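Trainee: Based on the provided sequences and hints, a complete structural model is requested.
Protein sequence lines correspond, in order, to chains L and S. Heads up, the first sequence is in the working numbering, so the first residue is 1 and it goes up one at a time. Heads up, the second sequence is in the working numbering, so the first residue is 1 and it goes up one at a time.
Hints are computed from structural coordinates only; laboratory data are not their basis. Nothing here was measured: the structure is a model prediction, and the numbers come from that model. Mixed in with the good hints, there may be bad ones.
Said to hold, decoys possible - Straight-line alpha carbon distances no greater than 25 Å define the calculated BS3-like cross-link-like pairs of lysine-lysine that follow:
(1) S/K127 x S/K145
(2) L/K258 x S/K127
(3) S/K275 x S/K57
(4) L/K258 x S/K92
(5) L/K258 x S/K145
(6) L/K199 x L/K58
(7) L/K355 x L/K365
(8) S/K127 x S/K57
(9) S/K92 x S/K57
To be verified - According to the in silico footprint, chain L covers these stretches of chain S (three or more CB under 8 Å from chain L):
(10) 77–86
(11) 118–125
(12) 136–142
Where is the CB? At the ideal position from N, CA and C, for every residue including glycine.
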Amino acid sequence: MSSLISSIFANRGQPGGRVMPFVMILLVATVLASCLNLFTPEGSALHVSTYTITLLGKYLCYAMLALAVDVIWGYCGILSLGHGAFFALGGYAMGMYLMRQIGDRGVYGNPILPDFMVFLDWQELPWFWLGMDQFWFAMIMVILVPGILAYVFGFLAFRSRVTGVYLSIMTQALTYALMLAFFRNEMGFGGNNGLTDFKDILGFDLQSDTTRIVLFLITAALLSVALVTSHWIMNSRMGKVILAVRDSESRARFIGYKTETYKVWLFVYSAVIAAVAGALYVPQVGIINPGEFSPINSIEVVIWVAVGGRGTLIGAVVGALLVNYAKTRFTAILPEGWLFMLGALFVLVTLYLPKGLMGLYGQLKDKFSGPSGPSSANDRKTSDTAEGASA
Amino acid sequence: MNMIEERVSKAREQASEFFRPDQVWPFLVPDQPQQVDVSKQVLLYVEGLNLSFDGFKALNDLNLYINDGELRCLIGANGAGKTTLMDVITGKTQPDSGTVYFGSNINLLDRSEDEIAQLGIGRKFQKPTVFEAQTVFDNLELSLKSNKGVIPTLLARLSPTEIQRIDEVLNIIGLQEQRFMLAGALSHGQKQWLEIGMLLMADPRLLLVDEPVAGMTPQETERTAELLQSLAGERTVIVVEHDMEFVRSIARTVTVLHQGSVLAEGTMDQIQANKDVIEVYLGEDA
Ligand SMILES: Nc1ncnc2c1ncn2[C@@H]1O[C@H](COP(=O)(O)OP(=O)(O)O)[C@@H](O)[C@H]1O
Ligand SMILES: [Mg+2]
Numbered sequence: 001m002s003s004l005i006s007s008i009f010a011n012r013g014q015p016g017g018r019v020m021p022f023v024m025i026l027l028v029a030t031v032l033a034s035c036l037n038l039f040t041p042e043g044s045a046l047h048v049s050t051y052t053i054t055l056l057g058k059y060l061c062y063a064m065l066a067l068a069v070d071v072i073w074g075y076c077g078i079l080s081l082g083h084g085a086f087f088a089l090g091g092y093a094m095g096m097y098l099m100r101q102i103g104d105r106g107v108y109g110n111p112i113l114p115d116f117m118v119f120l121d122w123q124e125l126p127w128f129w130l131g132m133d134q135f136w137f138a139m140i141m142v143i144l145v146p147g148i149l150a151y152v153f154g155f156l157a158f159r160s161r162v163t164g165v166y167l168s169i170m171t172q173a174l175t176y177a178l179m180l181a182f183f184r185n186e187m188g189f190g191g192n193n194g195l196t197d198f199k200d201i202l203g204f205d206l207q208s209d210t211t212r213i214v215l216f217l218i219t220a221a222l223l224s225v226a227l228v229t230s231h232w233i234m235n236s237r238m239g240k241v242i243l244a245v246r247d248s249e250s251r252a253r254f255i256g257y258k259t260e261t262y263k264v265w266l267f268v269y270s271a272v273i274a275a276v277a278g279a280l281y282v283p284q285v286g287i288i289n290p291g292e293f294s295p296i297n298s299i300e301v302v303i304w305v306a307v308g309g310r311g312t313l314i315g316a317v318v319g320a321l322l323v324n325y326a327k328t329r330f331t332a333i334l335p336e337g338w339l340f341m342l343g344a345l346f347v348l349v350t351l352y353l354p355k356g357l358m359g360l361y362g363q364l365k366d367k368f369s370g371p372s373g374p375s376s377a378n379d380r381k382t383s384d385t386a387e388g389a390s391a
Numbered sequence: 001m002n003m004i005e006e007r008v009s010k011a012r013e014q015a016s017e018f019f020r021p022d023q024v025w026p027f028l029v030p031d032q033p034q035q036v037d038v039s040k041q042v043l044l045y046v047e048g049l050n051l052s053f054d055g056f057k058a059l060n061d062l063n064l065y066i067n068d069g070e071l072r073c074l075i076g077a078n079g080a081g082k083t084t085l086m087d088v089i090t091g092k093t094q095p096d097s098g099t100v101y102f103g104s105n106i107n108l109l110d111r112s113e114d115e116i117a118q119l120g121i122g123r124k125f126q127k128p129t130v131f132e133a134q135t136v137f138d139n140l141e142l143s144l145k146s147n148k149g150v151i152p153t154l155l156a157r158l159s160p161t162e163i164q165r166i167d168e169v170l171n172i173i174g175l176q177e178q179r180f181m182l183a184g185a186l187s188h189g190q191k192q193w194l195e196i197g198m199l200l201m202a203d204p205r206l207l208l209v210d211e212p213v214a215g216m217t218p219q220e221t222e223r224t225a226e227l228l229q230s231l232a233g234e235r236t237v238i239v240v241e242h243d244m245e246f247v248r249s250i251a252r253t254v255t256v257l258h259q260g261s262v263l264a265e266g267t268m269d270q271i272q273a274n275k276d277v278i279e280v281y282l283g284e285d286a
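Mentor: Shown next, in the form of structure tokens:
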């Protein structure tokens with residue numbers, strides 16, 4: 001076990017570290033939790049409640065969102081403070097599908113119109129709700145809508161070479177504007193209350209244990225796919241270009257890379273991961289409302305990534321899981337205090353753990369194996385010989 | 001009513017223009033790096049360049065011709081506009097007026113930084129700029145002459161010839177031993193060489209080298225002089241430098257810039273005997 005853990009943390013210098021062992025642990029843990037839910041009697045010490053399963057599923061969605069932010073921030077240096085928008089859009093697309101599955105089981109019993117539309121006295125379905133009763137169509141929209149938004153936003157921002165703080169502010173403005181829009185009843189997304197009271201997905205009851213377990217397992221599987229794909233991208237030459245853009249964009253341009261294009265496509269990739277996370281989140285928590293667009297949500301994600309360690313992929317997942325677990329625990333005791341806690345956490349991590357928890361392992365290891373670990377001593381030796389040779 | 005009809009017919013015209021059968025849409029035309037035409041022995045034409053920053057004339061009617069295969073030194077006091085000239089040639093800055101041609105056929109002012117780089121113009125910055133978080137080897141791999149599109153780069157695998165090319169360049173710049181070191185851990189001089197090596201990877205026609213020996217030890221300076229001299233002939237090299245001794249050791253032709261335009265041009269001896277140059281330099285000293 002300890003060798004497994006050390007192999008996860010091992011090559012902290014390289015992009016991505018090793019994700020395979022981590023993905024294995026993740027998958028084994030989720031399958032184990034599912035089995036304990038299904039096959040142990042309630043009340044037994046080993047039993048994992050469905051409530052816990054749903055909570056874990058929610059954490060995994062957050063982990064996926066954090067992964068999306070890490071891909072763009074940790075590797076490419078683009079600090080997006082608006083990824084919550086892509087998450088929420090993915091969630092709304094899924095929510096629209098679930099809404100239409102309710103059919104005539106709503107309060108007003110209208111077979112076509114969701115309750116909130118009947119309440120608003122609407123006579124027919126707005127055009128953008130058409131087709132959303134088809135699962136495949138809704139899933140395409142989950143990817144397409146946030147993907148196109150990310151493309152257009154990225155194209156405009158990166159082509160006019162907006163970077164740094166200005167870009168971060170623009171992403172905040174994006175999510176804020178969407179929040180205000182979705183709050184409006186006329187938009188046709190349920191306004192303030194959002195979309196809720198879902199009944200079933202593909203015919204399976206959303207309240208049943210098995211549906212919840214399956215959703216949980218699918219979330220874990222897709223998170224694993226996102227981890228492995230991102231790891232593959234970051235280890236390809238494209239990943240090297242992305243790091244190059246982060247560290248010196250103009251140098252990358254002058255050796256012939258159209259850096260805007262790289263940034264736009266990475267941004268789209270990242271937005272799609274966030275959107276899929278949002279789509280998995282909604283059936284598990286049972287509601288999507290405009291609050292998900294709130295700017296503070298996107299900022300929280302950045303803190304999860306910073307806590308875990310940016311530019312490591314695994315760090316983002318670990319950070320999201322730990323901080324959200326802490327949040328669940330903390331808000332049960334002192335709900336108003338959480339934002340202060342989060343702020344304090346961010347300050348502490350920035351000051352004392354610039355590489356997050358993933359970096360902490362390396363720091364501790366260096367400390368216990370003497371001031372200069374074996375690797376740094378080696379580096380020094382080679383550079384000495386080189387200087388000797390060139391002199 | 002009339003107006004609507006007019007608009008419709010106009011839109012139709014535009015559409016038929018867009019779908020013309022005898023033409024390929026620009027975005028479908030494969031990018032072919034154009035062949036540079038050097039039949040007149042001149043590789044770079046810079047004519048009548050003007051550029052001002054908020055009223056301050058950084059470049060002032062600057063004319064410069066660089067022959068194919070030449071090693072040219074650009075000298076001039078701080079603020080003479082040397083770096084700004086390189087910015088214009090490499091597409092970083094657009095001039096207010098003037099023309100820059102690569103060979104007699106390629107207008108560089110129409111092109112973006114990455115396109116100019118792909119044409120075979122490599123640039124070393126004044127401050128050494130390498131990708132510090134990556135190894136020396138990765139820095140060179142990134143600089144390979146290859147298809148730089150997103151998908152080809154995503155799927156790229158190093159071929160044996162490419163690895164051989166990286167080894168060759170590591171040899172030229174003398175960093176074989178450091179190949180797997182992070183570039184950020186190199187000494188200042190080594191970073192300068194790595195950056196030159198990155199330019200060489202792309203097999204460029206024209207190299208623009210901005211103050212390569214600033215901050216180098218005398219030994220490093222000497223090695224750099226050898227390196228640059230070995231490159232000229234096969235490639236065209238423009239070196240900006242302050243260090244007169246260094247310039248004397250490498251240059252055949254020297255161009256003196258002063259307040260954004262060319263003050264004098266010739267061999268080092270001619271330059272040092274030139275009245276204008278003496279005046280300007282003595283005037284600065286006083
Ligand atoms: N982006 C800029 N904005 C304003 N002034 C600039 C800019 N770039 C260069 N300059 C000015 O143009 C002049 C020429 O600069 P430069 O080309 O860097 O000189 P050098 O010959 O020392 O390389 C300097 O006076 C500098 O202050
Ligand atoms: Mg300069």
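Trainee: Under the constraints set out in the numbered hints, which ones does this structure not fulfil?
Mentor: 10
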